[in-house]
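K.L.:
Each chain, written out:
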Amino acid sequence: MSHLTDTVLEARGLTKRYRRGVLALAGIDLQLPAGGITALVGPNAAGKSTLIKTWVGFEKPTRGSASVMGIDPWRDRSGALAKVGYVPQSPPLYDGLSVDDHLDLAVQLRPGFDRAYAQQRLAQLDIPTGRGARSLSGGQQAQVALALALGTRAPILLLDEPLASLDPLARREFLHVVSDAVRGDGTTALLSSHIVTDVEQACDRLIVLGIGRVLLHDTVAVALAEHAVSLPERPDGVASFAAADGSRMSLVRGDGDRPATLEEVVLGYLASARSTPVAA
Amino acid sequence: MIAPLRLAWRLQRWEFAFVVLGGLGLAAVAFWQAFDMRSMLTGCGTSSAAPACEFVYPFQTTHGNVVGLAQTLSGLAPFLAGLLLGVPIVAGEVEHRTALLAWPLSGSRARWLAWRVMPVLAISLAVMAVLSVAADLMAQAYLPKSDLGFLHHASRGLPLVMRAVVVLALGVALGALMGRVLPALLVGIALCVGLSVGLGLALDQWVPSQVMTEDEGPEGLTGFPAVTDLRYRMPDGEIIGAQEGEIIVEQAYAAAIEAGQDEPDPATLPRPVFTGISAARHGEVVLRESLALGALAIGLFGLAAFVVRRRRPE
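Residue numbers (my numbering), protein chains in the order written: chain A, 1 to 280; chain B, 1 to 314.
Calculated directly from the structure, the hints in this document are not laboratory data. Incorrect hints may have been included.
What the hints assert, rightly or not - From the structure, some residues in chain A lie toward chain B, with a derived Cβ separation under 7 Å: (1) ASP72; (2) TRP74; (3) LEU81; (4) LEU105; (5) GLN108.
Stated by the list, open to error - The following label-pair restraints were derived from C-beta to C-beta distances: (6) A:GLY138 - B:PHE35: 54 to 60 Å; (7) A:GLY138 - B:GLY200: 52 to 58 Å; (8) A:ARG115 - B:PHE306: 49 to 55 Å; (9) A:GLY130 - B:ARG288: 48 to 54 Å; (10) B:ALA122 - A:PRO168: 46 to 52 Å.
Said to hold, decoys possible - Derived list of chain B stretches under chain A, where covered just means 3 residues or more per stretch with a C-beta under 8 Å from a C-beta of chain A: (11) 66 to 72; (12) 110 to 119.
Predicted, not measured: the structure shown is a model, and the values here were computed from it. Cβ atoms here follow ideal geometry from the backbone N, Cα and C, with glycine treated the same way.
Work out the full structure: start from the sequences and follow the hints.
P.N.:
What follows is the structure, given as structure tokens:
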């Protein structure tokens, strides 16, 4: 096994093409080190969910491989999932079950599920555990799904756009719980989102995914330090894109007119992907 | 076992309520009919018209209608229960996207499936076992001095329970394959009709049919055999087909009329006989059929596990 000893999630030449010919992932190479929160950012249909679902063992790679702490999730799904706590998009909680029932269900399904820990997380947020899970607000439902993932005590958290349907306050609370768990337990979290501003404060690393390719993978600090914005646009920049006021600007590596924000870094790389057709 | 049962109840409360209340309600009706019938027949036994009571009473009172309806519903119950409880186990989870939550939580999908199926199977078995006993008692009370044999074969006793198990497995497998509750239910209904007809036709696959003597025939009082065919026995003992026998009889009558006789000599005519399985061999058939259905159920559960292992959760 050639992966780095502290690599927890890995993709090698990972390609996923769906039956109707849609290319979701186009030969991704990625190594994610242990610890911290990594934001997986990209527009809709960039392949974020597909990448995460490949690590969860829901999707079989068309080519290449994926691994979770060295385990191929398609070949040894149980082994891989033992290392993963997963929060799906729009948490699909059970209609007829209360929050307590969900915790009971997790105890039944997952050997070693830490019910007390999950319950404590929910109590801190004043989420009523006796109520029907589907009667809770969207933010509370997301917190229940997160508590179920945290209760697994898995070393890796895979969070598939859990913020998408939440209001700003609920998003902040959710990220606070994730940060708390990661800092307190040494968990590694991968959080996919298309809302850059939300993840900027919480995340240590950034992966920008566009049309099935990794456009940027670095720490947030380095990404911010190495990029700047040029006004007006420059032909040697990473890419040009429209500012909020409609003027054109370029994202450049190195010196520019002013430091780039994280959103501008992401926008610049996404714009660069649009001008470069994907080859698979 | 309590927690899985409680959660299974909550996950499928409407289906459980329908099957448990419906099944036990039907069983209660069957028990009531059985005991009522016994009391009535016991009463008849003290009167001078006892033989008439035994055979006339049940048919001429409203009991006959209730018993008939209860027997029909008992025959349908294993199919209804199996499909209603089995189909949503996987299809419901896929349709409502809850498999996205449950499958990664469980790690092993086989463990998840077993966890979901076992309580449903236990409840289904318990309800169908009670119903099968009740339906058996009702049928026996209706004809107290007869060997019931193949009478209402599929709607009482072990065959009823085994049909419920195999249909439950079929429902789970269909739900896993199709991932949608309503289409899987519709296909399941069609397959159940096929299964029911097929099992009826396959009776003589478990033990071979044989020519039955008169006292084993359906008109006899010693039991209810499974009649599979009508044939003719020639005066020399040879068994021939029904069509061939009818032609010989017709020709014999035509020849007799031509010769000026009213009818041919009965000793020269082939006599109709039934082929089938005698009532005495019913237990043997039940055992073999149950083993086959058990093996089929295991195969279908295995298929469901295979599909669940490979399918997408949404």
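K.L.:
Work down the list of hints and note, for each, if the structure agrees.
P.N.:
Hint-by-hint comparison with the structure:
| no. | hint | verdict |
| --- | --- | --- |
| 1 | ASP72 | violated, 15 Å |
| 2 | TRP74 | violated, 10 Å |
| 3 | LEU81 | holds, 4 Å |
| 4 | LEU105 | holds, 6 Å |
| 5 | GLN108 | holds, 6 Å |
| 6 | A:GLY138 - B:PHE35: 54 to 60 Å | holds, 56 Å |
| 7 | A:GLY138 - B:GLY200: 52 to 58 Å | holds, 53 Å |
| 8 | A:ARG115 - B:PHE306: 49 to 55 Å | violated, 32 Å |
| 9 | A:GLY130 - B:ARG288: 48 to 54 Å | holds, 52 Å |
| 10 | B:ALA122 - A:PRO168: 46 to 52 Å | holds, 47 Å |
| 11 | 66 to 72 | violated (count 0) |
| 12 | 110 to 119 | holds (count 3) |
In this structure, the hints that do not hold are numbers 1, 2, 8, 11, in rising order.
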